[in-house]
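Which chain is which? The protein sequence lines are D and X, in order. Taking this note's numbering, the leading residue of the first sequence gets 1, the next gets one more, and so forth. Taking this note's numbering, the leading residue of the second sequence gets 1, the next gets one more, and so forth.
Among these hints, one or two may not hold up.
To give an idea of the interface, some chain D residues facing chain X are shown, with a C-beta separation under 8 Å as derived from the structure [said to hold, decoys possible]:
#, residue
1, C25
2, L26
3, T59
4, V101
5, M187
6, F234
7, R260
If you are wondering where the hints come from, they were derived from the structure by calculation, not from laboratory data. Note that this is a predicted model, so its numbers are computed, not measured. Backbone N, C-alpha and C fix where the C-beta goes; we use that ideal spot for every residue, glycine too.
As a plain string of letters, each chain reads:
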Amino acid sequence: MAIKIVKQNKLSFVAIVVSSLFIGCLNDTVTPKELTNYTSRLVVNGVLDTKNSISLEITDSKSSFSADFPNLVKDANVTIFQNQNEIKLIYDNDFDNPRYVSNNVLNPGDVITLKVTHPRYPVVESKLRMPEDLNPIGNLLINGGTDSSGNQTDVLSVTFKDEEGRNNYYKINFKYYSRTLGKYVPMTYDAGDPSLASYNSYRLNDNSILFTDDLFKGKSKTISTLAPAGLVSFNPNEKYLIEISSISSDLFNYYKSLQRARDAGEITFEAGYNNAVVIHSNISGGLGILGAMDINEIELK
Amino acid sequence: MRKLILILFVIVCFSSGYAQNVLRGRIVDQNEIPIANAQVTEGNFRNTTFSDFEGKFVLSFYSNENTILYTAYGCDSLRMNIGETNDIVVFLNRSEKENPYNLAGYTGYTDFVVKNANKHLETMPYFLGESDINRQLQMLPGVEQGNEGYSNLFVRGGDVDQNLMLYNGTPIYNFNHLFGISSTFHNRSISNTKLYKGVTEAKYGGRTSSVISIESAKNANYSKFEGEFEISPLNAGIYIEKIVKDKSYFTISGRRSWIDLLFPTESRQNDFNFNFYDLQINMGKKLKNNDKIDISFLSTRDLYFFAFNNFDSVNFQNTNFGFTQTWANLVGSVKYTKLYSDKLVTSNSLHYSGYRSETALSELVITRSFINPYSEDVLDRGVRDVMAVSDWDYAYTNNSKINVGLQANARFFLTGRETYTATNYPGSADINETIGASNYEPSFEISLYGENHYKKAEDFSADFGIRTTLYSYNGYQKFVAEPRLNVAFYMGKNDVIKFAYNRHNQFVNQLNLGSMGSPNNIWVPATELLAPQSSNILEASYEKALGKEYSGVINVFFKDMSNLSQVSNFDDVSNPENNWESFVFQGNGASYGAELMLQKNSGLFTGWIGYTYGQSTRSFEDLQDEPYLFSYDRTHMMKMYVNFTSTDEWNFGLNFIIGSGQLFSLPIGKFRDIDGNVQLQYNELNNYRSPAYQRLDLSLVRKKPTIGPEQQWKFYLYNVLGTRNPININPTFPDGGVTQLVVERSYLAFVPGVAYIIKF
Numbered sequence: 001m002a003i004k005i006v007k008q009n010k011l012s013f014v015a016i017v018v019s020s021l022f023i024g025c026l027n028d029t030v031t032p033k034e035l036t037n038y039t040s041r042l043v044v045n046g047v048l049d050t051k052n053s054i055s056l057e058i059t060d061s062k063s064s065f066s067a068d069f070p071n072l073v074k075d076a077n078v079t080i081f082q083n084q085n086e087i088k089l090i091y092d093n094d095f096d097n098p099r100y101v102s103n104n105v106l107n108p109g110d111v112i113t114l115k116v117t118h119p120r121y122p123v124v125e126s127k128l129r130m131p132e133d134l135n136p137i138g139n140l141l142i143n144g145g146t147d148s149s150g151n152q153t154d155v156l157s158v159t160f161k162d163e164e165g166r167n168n169y170y171k172i173n174f175k176y177y178s179r180t181l182g183k184y185v186p187m188t189y190d191a192g193d194p195s196l197a198s199y200n201s202y203r204l205n206d207n208s209i210l211f212t213d214d215l216f217k218g219k220s221k222t223i224s225t226l227a228p229a230g231l232v233s234f235n236p237n238e239k240y241l242i243e244i245s246s247i248s249s250d251l252f253n254y255y256k257s258l259q260r261a262r263d264a265g266e267i268t269f270e271a272g273y274n275n276a277v278v279i280h281s282n283i284s285g286g287l288g289i290l291g292a293m294d295i296n297e298i299e300l301k
Numbered sequence: 001m002r003k004l005i006l007i008l009f010v011i012v013c014f015s016s017g018y019a020q021n022v023l024r025g026r027i028v029d030q031n032e033i034p035i036a037n038a039q040v041t042e043g044n045f046r047n048t049t050f051s052d053f054e055g056k057f058v059l060s061f062y063s064n065e066n067t068i069l070y071t072a073y074g075c076d077s078l079r080m081n082i083g084e085t086n087d088i089v090v091f092l093n094r095s096e097k098e099n100p101y102n103l104a105g106y107t108g109y110t111d112f113v114v115k116n117a118n119k120h121l122e123t124m125p126y127f128l129g130e131s132d133i134n135r136q137l138q139m140l141p142g143v144e145q146g147n148e149g150y151s152n153l154f155v156r157g158g159d160v161d162q163n164l165m166l167y168n169g170t171p172i173y174n175f176n177h178l179f180g181i182s183s184t185f186h187n188r189s190i191s192n193t194k195l196y197k198g199v200t201e202a203k204y205g206g207r208t209s210s211v212i213s214i215e216s217a218k219n220a221n222y223s224k225f226e227g228e229f230e231i232s233p234l235n236a237g238i239y240i241e242k243i244v245k246d247k248s249y250f251t252i253s254g255r256r257s258w259i260d261l262l263f264p265t266e267s268r269q270n271d272f273n274f275n276f277y278d279l280q281i282n283m284g285k286k287l288k289n290n291d292k293i294d295i296s297f298l299s300t301r302d303l304y305f306f307a308f309n310n311f312d313s314v315n316f317q318n319t320n321f322g323f324t325q326t327w328a329n330l331v332g333s334v335k336y337t338k339l340y341s342d343k344l345v346t347s348n349s350l351h352y353s354g355y356r357s358e359t360a361l362s363e364l365v366i367t368r369s370f371i372n373p374y375s376e377d378v379l380d381r382g383v384r385d386v387m388a389v390s391d392w393d394y395a396y397t398n399n400s401k402i403n404v405g406l407q408a409n410a411r412f413f414l415t416g417r418e419t420y421t422a423t424n425y426p427g428s429a430d431i432n433e434t435i436g437a438s439n440y441e442p443s444f445e446i447s448l449y450g451e452n453h454y455k456k457a458e459d460f461s462a463d464f465g466i467r468t469t470l471y472s473y474n475g476y477q478k479f480v481a482e483p484r485l486n487v488a489f490y491m492g493k494n495d496v497i498k499f500a501y502n503r504h505n506q507f508v509n510q511l512n513l514g515s516m517g518s519p520n521n522i523w524v525p526a527t528e529l530l531a532p533q534s535s536n537i538l539e540a541s542y543e544k545a546l547g548k549e550y551s552g553v554i555n556v557f558f559k560d561m562s563n564l565s566q567v568s569n570f571d572d573v574s575n576p577e578n579n580w581e582s583f584v585f586q587g588n589g590a591s592y593g594a595e596l597m598l599q600k601n602s603g604l605f606t607g608w609i610g611y612t613y614g615q616s617t618r619s620f621e622d623l624q625d626e627p628y629l630f631s632y633d634r635t636h637m638m639k640m641y642v643n644f645t646s647t648d649e650w651n652f653g654l655n656f657i658i659g660s661g662q663l664f665s666l667p668i669g670k671f672r673d674i675d676g677n678v679q680l681q682y683n684e685l686n687n688y689r690s691p692a693y694q695r696l697d698l699s700l701v702r703k704k705p706t707i708g709p710e711q712q713w714k715f716y717l718y719n720v721l722g723t724r725n726p727i728n729i730n731p732t733f734p735d736g737g738v739t740q741l742v743v744e745r746s747y748l749a750f751v752p753g754v755a756y757i758i759k760f
């Protein structure tokens, strides 16, 4: 009896079901008004260091709902205060790399304040302290190690002292000299040091690693690695380059968030999460990064 | 452990050897509704006790020659001689003018049998006609669904993995079919669903947000054998129950999707297939010595498969690419309840819960040579939970009931195992390799808890206790203590104020890879690098029985959460070769709010209306410098469920929800980064709140009068108003590159549902 009832109602039931699968899931586009009312801001990008002159790029931001792209801002009023000394930057319309520049070189420990004004944009400011000299010492031990395949290989190491009493941030990269390309290129290296372990550090696209001094505060630190065997066997002179920099905390956070934004890739939203990444900025009233670095390049021959 | 057993043994001997009489029973009204806070007094003596939330009491009395007086607000008093002393049922006649609403219970607690009874939830409008307990819970204040159309549960700003979902006391890890659209529980097999929105008894632990206890043990006012067959758009199912009143029960329910069966077998094997099933078997028996055994079993599975062919006309070979996604639960428990003495009841149980998901990619090349290369890439994940529980309830005095217990959990995690096989590829040796975790890795939790349920006067009760847990995983150990406190002040027969504080810890997390309810989400243990979650909950409530048919409750709460987890990179975490711990951030959260709920508990119309004001935030320094709103924060939310049960033929149900829209993260701008690339600017996470959420659902149930088996037609319409509550917001740049943003929205409107039921 029950089966007969089901059969009698089967056709109407299936019809309802099939129609319910097609009705109901609809699409449209929305324009979030509260987000389209956008104010363009100045974007400052630059890394100050103690070995090169000052160079900053200033562009503007655009609304994501407009078809315009960010543009260079060529007529801003850019001032840097090195401690209390005022330095005016001028716009260098270099074809390859238009920037705001000054011939001044900054010193370790300098307190730097940046101020940028422009009639069409809100004022932006930033402040940082130049890192102290790291004075790292590099060392190369030819065929001093054995890799996992049993081949003899070179051991590269760098030693530096962590500044006491503050949180410090670093960036390290190991490169080898390519005779083919005629320059140093990044090499694969074993980040076996606990400070460089993946849960304590952050790897960037250029193979450099950002890390903190959490595990060696105030102490002398040596990081060493084995170079892949045979990379520089036929190099008569240049062999390796160790880039080790002390970087500002803002620059550290900026690189981390920027890497996450790149990893996020295509933006999509699915059921509760999207790949939104808020890129860190220390530009008050604007966007971008004013970073500070103590760059050290140690050539090992 | 030995000392504990010795102490308990002494208590048992002491209680059984002392010349003390004990009366044990339950107090109900003429409709068999439990009466809480009823006073039970021996004759002219001061021996008095009170019934608990379920109407149960245990009274130590002096002499069998005395009488017992039973009194309760709004009920006629009853004086009885002492006859039978075990498991008696006392009926008190409640005045017709009195409101039977039960004021007892923990702060923030509700269920659908006692606190929120008589709501004819079978008539509630359900999405696609699928009766779902999760949808019932989503209609309560303080419980949100998250994304539109999904059956997830976000309780007071907590995440999905912070809910302890128990099936007859066994934790269940993925209780969803269809990627979160429907739950795995068959509504008819459930006897009660209990929700603790934060404050719980000490015997519950291991999650920081809520406890949802689904119970399927059955009893009835009379012995019966009955069942029903139901078909809805998603599945067809059968339910059978056999109950022998006060002695035994047996229920079995099974559901399976059926739409896939409309397609030819060959098509389902080679092209496209999706199906799911769930099976629940529950049985219980009261033994000769009044002991009881309950056995429970749940099995679920979802399977999704599609394949396509690519024909190579040059080499004349056909390559078949296949994708299969499956996930399954296997849950079971055995519980033995024993009455050691009139004062001491113990239940000892064993539980098993296994969850596994598998994603497989395959390639089969059909060549003319009949040597067909084949490769398969299978990614396995899972979690297995084996638990033993020993729970002891002891009526220490007439004013204090002590509950102590021990829970031992062994939990095994498979965070990712990828197996790659390749055979018959010309010029290559066969491959069979495995990367990632090779086996399930164990963690251990041992919890000891004790709680005193104290009630000396009719206007005051207190539940206070502590739960301690020792956790161990791979050399990492953590000991935690969680105080529990809930006090209630009764102001007459119709009002109660309650205050509570709980602390909770959680040693298991679900890493969300982009979708709540997705089988690809990974269950992971707390480790040295991933600290256990913890939360503190502070809550106050005021409950009132209003008139004869209504009741109201106001809750205010504050909750802070520590060591929440967030994945930094989906691809890196998903890759079994990577150490998942490296790609998880930890942060904190907080939520606060007020909930108001007004219920109508009897009459032609029943239902409730609830309003929540709340805010929930998260703070992850690695994601954003400042705290930001939780993705499922809804500042205001009003929900109403109304049921009209009039005649034997027609029933009507209505859900109406209005409140704050859902949060999304949309880029507001674009700018150049330090390398000259264009990046998207988010001023903050969850910066866009969609327009106010509104939804009206309707249901109509027609019971077709017949001479034979009862038939029911249920018709549903989801989102009758057609409001565009987004399921999905997809911001894209349709021209490629970062040009002009277009925000696409998907939503559900006018979704019909139907179910057909035959009862027998």
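Right, here's what the structure says about each hint:
no.	hint	in the structure
1	C25	holds (6 Å)
2	L26	holds (6 Å)
3	T59	holds (5 Å)
4	V101	violated (16 Å)
5	M187	violated (21 Å)
6	F234	violated (33 Å)
7	R260	holds (6 Å)
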